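Peer 1: Below, each chain spelled out in residue letters.
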Amino acid sequence: MSLLKDTDPRFRFLGWRVVFFGLSVLLVLLALALGVALKQGMFVGKTRLHFTAEHGAGFATGMQVRFSGFRIGVVDKVALNEQAKVNVDLLIESRYLKWIKADTTAQMLQEGLMGDYYLEMIGGSPGLPPVKEGDRINFAPAQSLADIAHDLKNRTIPIIDSVQSTLDYINDPKGDVRQTVANVHQLTAELRETRARVDQLLNRVDGLADREVRATLDNASRVLAKTDNVVAEVQGRLPQMMDYAASSMASLDATARNASAMAAMLRNTLDEAAPRLPGLVRNTDDLVRDSRETLHGLQQSWPLNKMLTPTPLDAPVPDSRR
Amino acid sequence: MSTKLLMGLFILILTACAGSPPARVPALRLSTEEANRAAVSAAQALRWENAVTSWREALAGYQAMDDWQGQGRARLGLGQAYARLGRDDLARGYLEAMLESAIFPEEQRASAAYQLALLDVLHHDRALELLDAARRFCGANCSLVVQFDNLAARLAAGRGDWESVRRLAQRALDAAGSMPAERSHAHRLLGEAALAGNSPLVAREHLRAALLDDRQLAEPEWLLEDYRLLEKTAALLADDPLVQEAQMRQKSICAAARIPGCSGQSGGLP
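First to last, the protein sequences are chains A and B.
Residue 269 in my numbering sits at position 269 of the first sequence, with consecutive numbering throughout.
Start counting at 1 in the second sequence, then tack on 322, and there's your number in my numbering.
Check the hints yourself; a few may be wrong.
Unchecked claim - Distance ranges between label pairs, derived from CB positions:
| hint | chain 1 | residue 1 | chain 2 | residue 2 | range |
| --- | --- | --- | --- | --- | --- |
| 1 | A | GLN300 | B | ALA386 | 20 to 28 Å |
| 2 | A | GLN300 | B | ARG406 | 29 to 37 Å |
| 3 | B | ARG580 | A | GLY56 | 47 to 55 Å |
| 4 | B | ARG406 | A | GLU54 | 36 to 44 Å |
In case anyone wonders, no lab produced these hints; they're calculated from the structure.
Since this is a predicted model, take the numbers as computed values, not measurements.
Heads up, the beta-carbon is just placed ideally off N, CA and C, and yes, glycines get one too.
Kindly produce the complete structure, drawing on both the sequences and the hints.
Peer 2: Next comes the structure, spelled out in structure tokens:
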């Protein structure tokens with residue numbers, strides 16, 4: 001016996017209505033899935049490219065590939081090869097392939113300080129043809145501040161050592177430079193002495209009688225002979241001194257060149273790093289502020305707000321014993 | 323049973339998460355109070371330079387917001403931090419401005435006068451004058467009365483008025499409750515007064531009580547003072563082992579802590 005009768009007109013064709021509703025929902029879901037797939041580029045033609053990296057840090061399947069900031073593909077496969085290097089396969093949407101040339105470089109970059117890694121396609125000569133399926137492109141790993149500092153250190157330390165050794169050489173009391181200067185001092189003193197003696201002699205010549213002139217002239221001749229000897233000695237030693245001086249000047253010149261090269265390198269390095277520094281500082285500042293806000297929010301959330309004592313705003317009262 | 327438990331947990335979690343987000347605080351107030359809290363945290367960790375930096379930032383923020391109570395807070399903190407850094411002149415500058423202006427809350431002015439009295443503790447009359455001002459500002463329901471009594475007792479000890487020291491320090495001790503620093507100070511003052519009154523046994527008990535608190539407070543300077551007094555007391559009692567123990571403890575403290583009272587005692591134990 002039927003307890004309920006379907007006399008209510010709202011129950012007519014109930015079965016058909018349920019089927020219709022179910023089909024409608026199914027259709028909407030299918031349309032949604034199709035839309036998502038289209039949005040994700042599943043029905044877009046793709047071209048496979050690859051490169052080899054020294055190290056696999058940061059790579060992951062599904063990692064974005066960008067060109068001028070736009071997503072143009074993904075990393076499809078990351079695998080270690082027989083040479084212990086990392087083969088990376090990319091799937092690039094074919095419509096964007098016209099901008100990827102044989103000299104295009106894939107550079108690994110990071111979003112912010114702690115963001116995801118992605119590959120940015122950089123360069124590409126306009127005159128070159130686009131790459132084709134299976135072509136190899138260049139790869140440049142991300143250079144962190146630590147890398148820059150390490151590179152700078154490796155390039156600077158030999159120069160500093162060279163400057164140090166040159167200065168040591170110049171300052172060495174037994175070295176060529178100091179010896180040369182000492183010799184010059186000595187010779188200058190001898191020349192002055194000789195000049196004094198010649199002056200003295202000439203003064204005496206004026207006051208001497210004729211009978212003494214010859215003897216005086218003999219003396220003068222001897223003095224001049226000695227002067228000749230001194231001059232000859234100077235002439236003999238001068239080339240050596242000049243060689244030493246030239247050698248010292250060459251060392252100084254090399255030192256100056258090294259210092260100049262170092263300054264230029266530092267300037268280049270700074271030029272490379274400088275554009276990134278404000279961003280890094282700003283990101284760090286934002287990161288610290290965000291972290292502080294997050295921590296503050298966490299401290300105010302249950303159950304941490306029950307476990308932690310909030311820091312008061314009032315300064316502690318100083319003890320009377322201070 | 324387990325389903326009911328899970329449901330209960332689910333409802334509990336939902337209740338916990340159901341709180342409405344806090345009201346949005348203006349950026350300047352947020353950063354200012356953040357700096358103020360950072361300063362208090364630094365002061366609690368005895369990082370006084372950091373505390374000065376943060377309180378100065380907070381003071382500028384409160385000034386920009388025309389928040390005089392906040393300014394008072396920051397000034398009191400700066401006064402205390404500079405005093406701990408040995409820059410008494412700067413500390414006075416921040417605190418004296420509070421005495422002169424009635425725009426600061428009375429309790430903060432009382433605190434400022436008290437801190438100035440601490441700075442002038444060696445100038446007896448000036449310190450007493452400031453302490454009177456602090457009591458006047460603080461009024462009847464003053465939360466700083468224990469500190470005031472102890473400081474008054476300290477000043478009385480400076481002029482050798484041991485009867486006042488006993489009265490004030492006992493009053494502070496009775497009211498100290500959960501303030502171990504003030505309790506130990508009161509015990510120490512009572513011990514000193516007992517020693518001056520030739521009651522070494524009483525002094526020894528007060529000093530032992532003070533030492534109990536000072537060990538918990540981990541204040542080397544106070545511990546050194548306590549042990550010096552204990553050494554004197556033990557000498558009066560002819561208690562040689564206690565004298566030696568007090569000396570040994572002083573040497574041990576001086577070997578580890580760089581405090582002014584240790585000059586001439588460095589070296590100490592290995």
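Peer 1: Could you say whether the range 29 to 37 Å given as a hint is met by the Cβ separation of GLN300/A and ARG406/B?
Peer 2: The hint (29 to 37 Å, Cβ to Cβ) holds, given that GLN300/A and ARG406/B are roughly 31 Å apart.
Peer 1: Confirm or reject the claim that GLN300/A and ALA386/B have a C-beta distance inside 20 to 28 Å.
Peer 2: Given a distance of about 25 Å, which is inside 20 to 28 Å, the answer is holds.
Peer 1: Go ahead and decide if the range 36 to 44 Å is satisfied by the Cβ distance of ARG406/B to GLU54/A.
Peer 2: With a Cβ separation near 54 Å, ARG406/B and GLU54/A fall outside 36 to 44 Å, so the hint is violated.
Peer 1: Could you check the hint for me, namely that ARG580/B and GLY56/A are 47 to 55 Å apart, CB to CB?
Peer 2: Once the Cβ atoms are compared, 53 Å apart, the range 47 to 55 Å for GLY56/A and ARG580/B holds.
Checked against the numbered hints given earlier, this structure breaks only hint 4.
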